[in-house]
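With chain A's structure known, arrange chain B on it following the hints.
Spelled out from the first residue to the last, the chains are:
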Amino acid sequence: MGWSPARAHPTGRVDDAKTLYLSLFTQHGIRPKVFTGLANYVRVLHDGQFLSSLGTIAKFGVIQIPVMLLLALALALYLDGLRSARWRSYFSLSFFLPYAMPTVIGGLLWGYLYSKGLSPFNQMLAPLGGQIDFLGRSGLLWSLGNIITWTWTGYNMIILYSALRGVPGELYEAARIDGATNLQVIRFIKLPMVAPALALAALFSIIGTLQIFAEPFVLGSLTFVPTNLMPNLYIYFTAFNYGNFNYAAALAVVLAIITFALSLGMLALLNFQRRRL
Amino acid sequence: MRKLWLVAAAAVLSLAVAQTAPSLPSYSGPPVTLTFWSWVPGIDKAVAAFEKAYPNITVNASNVGSGPNEYTKLLTALKAGTGAPDVVQIEYDFLPNFIDFGGLADLSKYGADKYSSLFVPWTWSQVSPQGKAVYAIPQDTGPFALVYREDLYKKYGLSVPKTWAEFEANAKKLAQETNGSVQYTDFYSTYAPWFMGLVWADGGRLWTHSGNSWTQSLNSASAKKVIDYWGKLVDNKYAATLPDFTSELNSALAKGQITTLIEAAWGPGSLASRLGSESAADWRAAPLPQWGTDGTFHSGNWGGSSTAVTVQSKHPDAATIFALWLNANGTALGLNWENGGLFPAAKAGLDLPALHDSSKNPSKFFGGQDIAKVYADASAGVPTDFQWAPWFLYANNSFNKYIADAVAGKTGWSAALDAWQQDVLNYAKTQGYQVSGQ
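First to last, the sequence lines map onto chains A and B. Using this note's numbering, read the first sequence as starting at 1 and increasing by one per residue. Using this note's numbering, read the second sequence as starting at 1 and increasing by one per residue.
Worth flagging that the hints you see were computed from the coordinates, not collected in a lab. Note that beta-carbon positions come from the ideal geometry of N, C-alpha and C, so glycine has one too. Everything hinted at is true.
From the derived model, a few chain A residues whose C-beta atoms are all more than 10 Å from chain B:
id, residue
1, 60
2, 74
3, 75
4, 85
5, 145
6, 167
7, 186
8, 202
9, 213
10, 261
What follows is a list of derived Cβ distance ranges for each label pair:
id, chain 1, residue 1, chain 2, residue 2, range
11, B, 410, A, 268, 35 to 45 Å
12, A, 33, B, 56, 31 to 41 Å
13, B, 418, A, 196, 47 to 57 Å
14, A, 132, B, 24, 50 to 60 Å
15, B, 247, A, 34, 41 to 51 Å
Sample of chain A residues with no beta-carbon within 12 Å of chain B, all distances over it, derived:
id, residue
16, 20
17, 162
18, 163
19, 199
Only chain A is shown next, with the shape it has when bound in the complex (with noise of 0.2 Å):
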């Protein structure tokens, strides 16, 4: 989701080997680099700006994530109860709009969607006598959150519809046979059938968020973003705006570790509630 800094800087890929031996060292500007071994990850372990970017992110992932991935649930079970063919592929497709855009371009949208002044939705409220602060300090996490939702969940509605396509037609065959209500095909058949899926989305969107980058920092020259919102805005601040390069590498290793350690969780999770069922 967004994108990583060190990826998509002009000077190129920085590997991973790269990033881990940068790590290991200090350098002030350009003057000969010192081997500091594991200093640099005793200060990320101290940094309080990083630990509260990483509270930041799992806040925002436990409300966002279940609310994006229940939309595209409902929109992928709609979808496939459509009959017509080419109202089903007109759907997908506008559904799936949002993530075919730039994330810059959709930043700057909604970012003028957000402005105090100008947003049509605030132009809409005026008659009622109310103004909402989108980008405020209490709008802004919410805001953000409106902004990756609208890019992510046509995304895993995707990935949800094509399981559900899946599904033989004879199971529903069966179940009307059997005299099943809509609901109970969608409870019974449906739902076990997508839940591979779901929880394959739900991996994808814990790593995403946990690299969300480029919708913050877009805001950010419309609104005060703080530059420690999120783990990946502040490793992109310490790095390219301090010039701190060999501590921004202890931080982004750190989060790689912690995106690992919680994508292994969340697998030995699904296998064991799979051997359970």
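For chain B alone, kept in the frame of chain A given last:
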């Protein structure tokens, strides 16, 4: 006989002039090509004029983004050891960062120190902070003035404020008269250098250093006076908090919802191009309001850039010549004012006819007013010994955080500066700087 004497006198006189203003160096080396990063609009015109004057030097100018966007690329290229341009535009406040990083060449090795007298004094102390090594050539400056909508001042019966007390009285009067629908001014809450410029105008200092030890006073009495003053304006809703350079601010200005701004010398040009025909010719400039009435006029500075040469340059001699010519040659200064709105750091630039041409922007946008005169006076009132720290970038970002707290009413304004001072101090210490707070 008398005629001959006159000729001789003229010759002596011109010699004297040549001595006070050293002529720019010539280039006799082999043909070279320089790369140049700058975000000044239309800088290519001055570059073309340079290539004409120096046929052996070719300059490839490119715009890789403005301000921080350029700095991230520069920092990365410097760190990578390759890919940095020969010549690069850097704002004064960001210079110590790059000097400390080890990325800028000392131009005094190529004779740049001989040209200090060509530039407004405070700019030279910015590019040569220790007074010896020269890390850049001053390009333009951003001394502060007050810019206001004359039509709105007439409509609401406001007079141009000479002091900050009058400024506040205007704000109050306007709020009462319009029931708060028109705000007097705007507080750029996400632009630390704007706030710092106002502290600068008050004679405050944020950083000083001797040798390797630094003193930081982001929460000095002067800084607190300035922030409390603006905080009161914000709390009373006299001042909006729309970030600069946003379409939201442009729209509020065009609609007459904000009447007055504190703008640097490059601000009028920026306003003219951002607002286009909206509110054109309604704007005027006046000297920055003063705190006291001690008779001496003070102003501060926001932004302004310098032209530096990176340590990666293979032709630092030619690069130095280019940097000097671009910022001290009359033709270049005229072109840069017209196309890029650059208010020159070179003394000679302040008298250029082009700056005072009322038929062209930005003067045209200001109803034909000679705004360059207002800003030249402002430039003379800027204290010369203001310094930035190598960890300015962090201080810059950190400011936004604490001021956002204050804008939201979560902390007091002075308290925000205290927290800011502490946070930046901690950061500087973890970076290994010898720094104490004051």
